[in-house]
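Asks: Each chain, written out:
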Amino acid sequence: MLEINDLRVELEDGGKAILKGVDLTVKAGEVHAIMGPNGSGKSTLSYVLAGREGYVVTGGGATLDGDDLLAMEPEARAAAGLFLAFQYPVEIPGVGNMTFLRTALNAQRKARGEPEVSAAEFLRIVRDKARALAIDAEMLKRPVNVGFSGGEKKRNEILQMAVLEPRMCILDETDSGLDVDAMRLVAEGVNRLRDAGRGFLVITHYQRLLDHIRPDIVHIMADGRIVKTGGPGLALEVEQNGYADILAEVA
Amino acid sequence: MGRPEPKPAADARLSALPDGTAGWLAEAREAARARARALGLPGRRDEYWRFTNPGPLVAAGAPGIADAAVAGDAEAFAGIDALRLVFRDGVFDAAASDAAALAGVEVVRLADAPRAGWARDLYGRLEAAGHLPVPRPLAAANTALAADGLLIRARTGAARPVMIVYRRSSGSSDGMLHHCVRLDAGARLTLVEAGTGAARLTTVTEVEVGEGAVFHHIRAQGPEEAPVAATHLFARLAARSEFRSFTLTANGRLTRNEAFVEIAGPGALAHLAGAALGDGAFHQDDTVFVRHAAEGCESRQVFKKVLRHGATGVFQGKIHVLPHAQKTDGYQISQALLLDEDAQFLAKPELEIYADDVKCSHGSTAGAIDATSLFYLRARGLPRAEAEALLVLAFLAEAVAEIAEPDLAAAVEALLDDWIGRHRG
Ligand SMILES: Nc1ncnc2c1ncn2[C@@H]1O[C@H](COP(=O)(O)OP(=O)(O)OP(=O)(O)O)[C@@H](O)[C@H]1O
Ligand SMILES: [Mg+2]
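As given, the protein sequences belong to chains A and B, one line each in that order. Here our numbering = 1-based position in the first sequence + 3. Here our numbering = 1-based position in the second sequence + 38.
Warning: the hint list may mix true and false statements.
Unchecked claim - Quick list of simulated restraints, FRET-style, between CB atoms: (1) Gly57(A) to Leu384(B): 29 to 35 Å; (2) Ala74(A) to Asp456(B): 42 to 48 Å; (3) Val93(A) to Lys397(B): 28 to 34 Å; (4) Gly459(B) to Tyr209(A): 44 to 50 Å; (5) Gly459(B) to Lys144(A): 24 to 30 Å; (6) Ala137(B) to Lys144(A): 20 to 26 Å; (7) Glu76(A) to Ala139(B): 30 to 36 Å; (8) Arg197(A) to Asp456(B): 41 to 47 Å.
What the hints contain is simulated information worked out from the structure, not anything from laboratory work. Every residue, glycine too, gets a C-beta built ideally from N, C-alpha and C.
Working from the sequences, and respecting the hints, build out all of it.
Replies: In structure tokens form, the structure reads like this:
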């Protein structure tokens with residue numbers, strides 16, 4: 004589903020190399036986790052895949068179902084089924100949460116040649132999914148992420164994912180800032196979406212989220228590369244021993 | 039101040055008063071004529087004309103607008119139930135106006151001024167008292183010369199808004215209108231203004247808001263590209279009264295909107311807001327002065343401008359708090375969203391505070407669309423144009439929120455949507 008081949012990326016400003024040859028393949032139905040020290044390039048990878056400006060791809064590439072992801076506009080990637088739950092969700096004063104989500108859903112459906120969802124149908128979908136994530140109606144009425152607590156913002160990302168039903172979901176530290184109960188709700192949200200047609204790339208620093216979302220494969224990223232790949236046990240190893248041993252071993 | 043002498047053409051206009059305006063109106067006009075003569079014409083060196091060239095507003099004639107550009111009669115607030123009063127090229131159009139009366143509201147044409155004796159205490163009075171902190175010679179000239187206008191008095195609560203619809207058929211009409219609005223104590227009135235009234239339109243509106251009265255004003259200027267306009271809003275607020283004025287300016291080659299609000303009684307509220315949208319040959323100027331002359335009053339100025347392709351926005355705004363106006367709550371924000379590098383925003387935000395127990399704040403910013411927000415929306419599937427439109431509307435939301443009537447707010451939002459849709463990329 005998602006294939007990343009020897010992806011090399013520099014910052015547009017100043018030309019600093021951040022990704023130095025990332026190789027990663029997520030097949031449909033799989034859940035992959037990426038762990039790695041601060042500053043190793045995990046968020047950069049997720050932004051480049053989602054289409055944020057400010058980066059220059061100097062080598063390699065990425066495809067979604069065989070289509071060249073990096074040649075597409077961000078909105079086309081979204082319509083193709085890519086979703087990024089942001090590490091830092093953006094506050095947008097003046098844009099209502101519901102308006103935003105409905106416009107997004109219908110824009111994606113339109114791009115895919117599907118009929119738009121009616122206002123009533125949309126309301127029903129959002130209410131259901133919001134309830135499951137313990138997001139109250141009051142929050143939905145507010146502008147996008149404005150005045151939301153850190154954990155509320157993360158839950159709002161998962162609500163968007165639940166409503167948009169993307170096929171390739173990238174979660175960048177969605178667990179950071181969540182209390183124990185919220186973490187469970189978010190993990191359940193992810194698990195509800197898990198199916199044979201869908202792929203997940205879960206970026207996290209902690210084993211706790213992975214207790215709830217059992218990954219099939221765990222990668223360690225360091226200095227812009229995937230330096231080690233293993234099973235769920237790799238995450239436990241990091242949790243217990245940190246990165247020193249792994250980094251020494253691959254050096 | 040080194041003010042230029044009136045040009046001969048303007049001087050000739052000042053001498054040629056309309057006939058048949060005997061009595062108090064003639065006296066008021068005579069006094070205004072002397073005022074206008076003494077003030078001269080505005081010039082680039084004047085303190086509040088540095089950002090805006092008054093040239094087209096003081097030229098001998100209106101700018102010529104090609105016939106092809108003459109507007110249709112499409113109305114900004116077509117769906118709103120109101121008492122409609124129509125002016126075409128600066129002249130009242132009785133045939134196009136609603137004949138029916140509105141209970142509790144008296145509407146008299148300026149030409150019939152003798153029938154509205156009450157207006158004697160208003161016509162030219164607020165203008166004469168409103169040359170602060172600088173003279174407003176265009177307003178004085180208007181008081182002297184205005185060819186037409188309405189004298190509106192609300193004695194109680196008006197069930198529907200009064201809507202003044204401006205239409206233009208001529209490519210060279212030079213309209214000059216003067217309206218007076220008086221709200222008796224406890225009265226309520228919503229005044230709506232819509233459309234382009236002339237190739238060049240100069241208006242003065244004097245508003246006296248009585249004790250506990252509520253005056254709402256919603257105005258839509260445009261969407262014609264070529265006309266020029268200068269408007270002056272003078273208001274005096276009695277105790278516990280409410281004054282809200284919102285102006286949408288969509289297009290127009292040159293628009294200068296001046297407001298002078300005197301908060302004369304305690305516990306009153308004055309909100310002035312504006313949303314300006316310009317693309318290309320567009321120069322829009324809000325020059326707003328709020329004078330707090332009583333205790334415990336609240337004022338807000340919220341002005342937002344969306345500019346692209348060389349459009350210019352100007353905001354000059356002052357909150358002036360007199361020594362005895364304690365417990366004043368004053369707020370002023372002026373912001374421009376510059377959609378490209380050619381657009382410019384010129385701002386002169388001012389606070390002048392002589393009381394010590396007040397809460398006043400102001401801010402002014404200019405910037406592009408936020409790249410992070412834009413990416414977030416696009417990453418959720420919104421095409422760039424749609425995402426930008428949403429962010430432009432969001433930028434304007436604080437100003438639109440000042441409109442108290444939901445149906446009028448929705449109509450303004452539709453106008454904004456329409457404009458944004460036509461001016462993409
Ligand atoms: N716009 C930028 N300007 C300057 N440096 C940047 C920029 N974006 C990323 N970097 C740098 O690139 C490196 C990778 O950053 P990135 O955010 O991808 O790390 P990360 O693995 O997500 O870290 P964390 O675990 O702390 O979230 C860091 O050294 C960071 O400082
Ligand atoms: Mg990160």
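Asks: Now tell me if each hint is right for this structure.
Replies: These are the hints, each one checked on the structure:
1. Evaluation of the 29 to 35 Å hint for Gly57(A) and Leu384(B) yields a pass: the beta carbon distance comes to about 31 Å.
2. The hinted range of 42 to 48 Å is not satisfied by Ala74(A) and Asp456(B), whose Cβ atoms lie roughly 34 Å apart.
3. Judged by the Cβ atoms, the range 28 to 34 Å given for Val93(A) and Lys397(B) holds: they are separated by roughly 31 Å.
4. Taking 44 to 50 Å as the suggested C-beta distance range, the pair Gly459(B) and Tyr209(A) conforms, at roughly 46 Å.
5. Gly459(B) and Lys144(A) have their C-beta atoms about 26 Å apart, which keeps the hinted 24 to 30 Å range intact.
6. At roughly 44 Å, the beta carbons of Ala137(B) and Lys144(A) sit outside the given window of 20 to 26 Å.
7. Under the hint 30 to 36 Å, the C-beta atoms of Glu76(A) and Ala139(B), about 58 Å apart, miss the expected range.
8. Between Arg197(A) and Asp456(B) the beta carbon distance is about 44 Å. The supplied range of 41 to 47 Å therefore holds.
Consistency note: the structure conflicts with the earlier hints numbered 2, 6 and 7.
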